[in-house]
Amino acid sequence: QGTNFINFVGMHAFFGLDRAVQAVRVTEFGEPQAVFGSYLHRYAYPDFWKLHVEKNKRELINWTRGRVFDKKLSGETNPTDDIRNISQATSGEVRCIQNRGEYLYVAEGRGGFVAYDIANVSNKGVSERIVKSPFSALGHDAQVKTTNATCMAIATTQSISVPRNDKIVGEQEARARGETLADPLAGYNQEQKLHEIYRYAVVTDAVEGLVLVNVDTLTDGEPRNNFLRRTTLADGKTAWNPGGVLTGARHITLAGYMAYVTTPRGLVVANLNNPKAPVLSASLPLADARATAVQFRYLWVTTAKGLELFDIEDLAKPVHRPEATFAIADARKFYLAR
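Our numbering numbers the first residue of the sequence shown as 28 and each following residue consecutively.
Worth flagging that the hints you see were computed from the coordinates, not collected in a lab.
Nothing here was measured: the structure is a model prediction, and the numbers come from that model.
Please note: incorrect hints may appear among the correct ones.
[Stated by the list, open to error] Derived DEER-like restraints, expressed as beta-carbon distance ranges:
1. Lys151 - Lys194: 34 to 40 Å
2. Gly57 - Lys194: 43 to 49 Å
3. Tyr362 - Ala164: 31 to 37 Å
4. Arg85 - Glu58: 21 to 27 Å
5. Glu58 - Thr183: 23 to 29 Å
6. Gly197 - Val62: 16 to 22 Å
7. Lys77 - Glu218: 45 to 51 Å
8. Gly205 - Thr265: 39 to 45 Å
[To be verified] Calculated cross-link-like contacts (lysine-lysine; reagent style BS3-like; alpha-carbon spacing at most 27 Å):
9. Lys220 - Lys194
10. Lys303 - Lys194
11. Lys303 - Lys220
12. Lys344 - Lys172
13. Lys151 - Lys77
14. Lys344 - Lys360
15. Lys303 - Lys332
16. Lys303 - Lys172
17. Lys172 - Lys220
18. Lys172 - Lys159
19. Lys77 - Lys172
Heads up, the beta-carbon is just placed ideally off N, CA and C, and yes, glycines get one too.
Using the sequences and the accompanying hints, generate a full structural model.
Pasting the structure below:
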């Protein structure tokens with residue numbers, strides 16, 4: 028979670044499997060919340076570090092934690108700690124996954140796009156910790172069917188609330204018009220209006236192209252309206268694929284309201300300044316483009332040639348820098364840090 032300048036990981040890291048999502052415990056429960064096997068772990072939790080490194084060879088499998096593994100305890104040992112992976116079956120192969128707040132957004136192939144509730148992933152008192160409908164299917168439906176969802180992206184990993192922002196901006200405008208507000212403090216917040224892209228999860232589908240899902244309802248504090256639907260675009264359709272340019276879409280990265288999508292034929296750039304009316308900005312041929320990542324003024328793309336570089340000083344018009352290609356035999360997805 029973060030900006031790629033400084034990133035953080037919670038108690039669990041989340042993984043997509045062939046037919047499941049899985050939360051894998053990667054840190055201690057208490058403070059300091061040390062990552063297993065780290066230097067901090069070694070000095071703050073010496074018993075558990077020794078167990079992890081020496082006995083388990085850094086594997087998070089079949090842990091036995093407590094007084095059985097060391098007679099000389101450091102005082103940090105808690106024999107009741109629960110170390111296990113938590114899994115939830117999915118409707119298809121998980122391709123892309125992103126945690127934001129209490130939800131895990133997933134593109135799961137023929138299962139479409141799903142927002143799983145993970146609010147209780149660390150709660151020992153709950154039997155099913157990753158759920159699709161935490162209340163009932165009658166009062167919660169966070170699955171949007173698509174033909175073959177291959178990836179998804181959100182504009183921020185922060186748990187923002189666009190509806191709350193709308194309310195604040197509306198109060199500012201009302202006070203500017205001289206209206207008297209019921210709340211004497213309302214309208215003084217100088218918060219700027221959030222861009223419309225922050226309302227959406229943008230889903231790539233290998234058959235349909237681009238599908239937008241408004242996820243505002245998951246952050247408005249009202250649990251009775253959690254029903255996700257495809258967004259109807261300005262042309263009346265619920266998917267965007269002009270001339271089939273996004274057919275075979277594999278992966279998507281958002282940089283502000285610009286979307287970078289890989290297909291077997293190359294890189295497609297879509298302008299989502301108005302999310303309901305996407306505009307094709309560029310379509311660049313590449314050999315078997317696979318995944319992308321953006322950092323500052325550069326866009327990296329994995330292809331059949333390896334890792335290729337684009338200058339995106341103009342976000343809408345990437346400029347290929349072939350001299351910077353780094354050859355890799357079979358490059359797939361990748362991650363940029365700092």
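Structure-based check of all given hints:
In this structure, lysine 151 and lysine 194 meet the distance hint of 34 to 40 Å, their C-beta atoms being roughly 37 Å apart. Our hint of 43 to 49 Å for glycine 57 and lysine 194 is violated, since their Cβ atoms are close to 37 Å apart. Distance hint for tyrosine 362 and alanine 164: a CB-CB separation of about 35 Å, consistent with the stated range 31 to 37 Å. The given range of 21 to 27 Å is respected by arginine 85 and glutamate 58, whose C-beta atoms sit roughly 23 Å from each other.
At about 26 Å, the beta-carbon gap between glutamate 58 and threonine 183 stays in the expected band of 23 to 29 Å. Checking the proposed 16 to 22 Å range against glycine 197 and valine 62 shows it is violated: the Cβ atoms sit about 43 Å from each other. For the hinted restraint 45 to 51 Å between lysine 77 and glutamate 218, the CB-CB distance of approximately 49 Å keeps it satisfied. The supplied range of 39 to 45 Å is met by glycine 205 and threonine 265, whose beta-carbon atoms lie about 42 Å from each other.
Our distance criterion of 27 Å between C-alpha atoms is met by lysine 220 and lysine 194, whose separation comes to about 10 Å. With a CA separation close to 21 Å, the supplied pair lysine 303 and lysine 194 stays within the 27 Å bound. At most 27 Å may separate the alpha-carbon atoms for a hinted pair to count; lysine 303 and lysine 220 meet this at roughly 18 Å. A threshold of 27 Å between alpha carbons decides the hint, and for lysine 344 with lysine 172 the separation of about 32 Å lies outside it, so the pair is violated.
For a cut-off of 27 Å, the pair hint linking lysine 151 to lysine 77 stands: about 25 Å separates their Cα positions. About 23 Å separates the Cα atoms of lysine 344 and lysine 360, which keeps this hinted pair within 27 Å; it holds. The straight-line distance between the Cα atoms of lysine 303 and lysine 332 is roughly 35 Å, outside the 27 Å bound, and the hint therefore fails. Of the pairs offered as hints, the one joining lysine 303 and lysine 172 holds, with about 19 Å between alpha carbons and a cut-off of 27 Å not exceeded.
Restraint check for lysine 172 and lysine 220: not satisfied, since their Cα atoms lie roughly 31 Å apart, outside the 27 Å limit. Restraint check for lysine 172 and lysine 159: the C-alpha separation of about 14 Å stays at or below 27 Å, so the hint holds. A threshold of 27 Å between alpha carbons decides the hint, and for lysine 77 with lysine 172 the separation of about 46 Å lies outside it, so the pair is violated.
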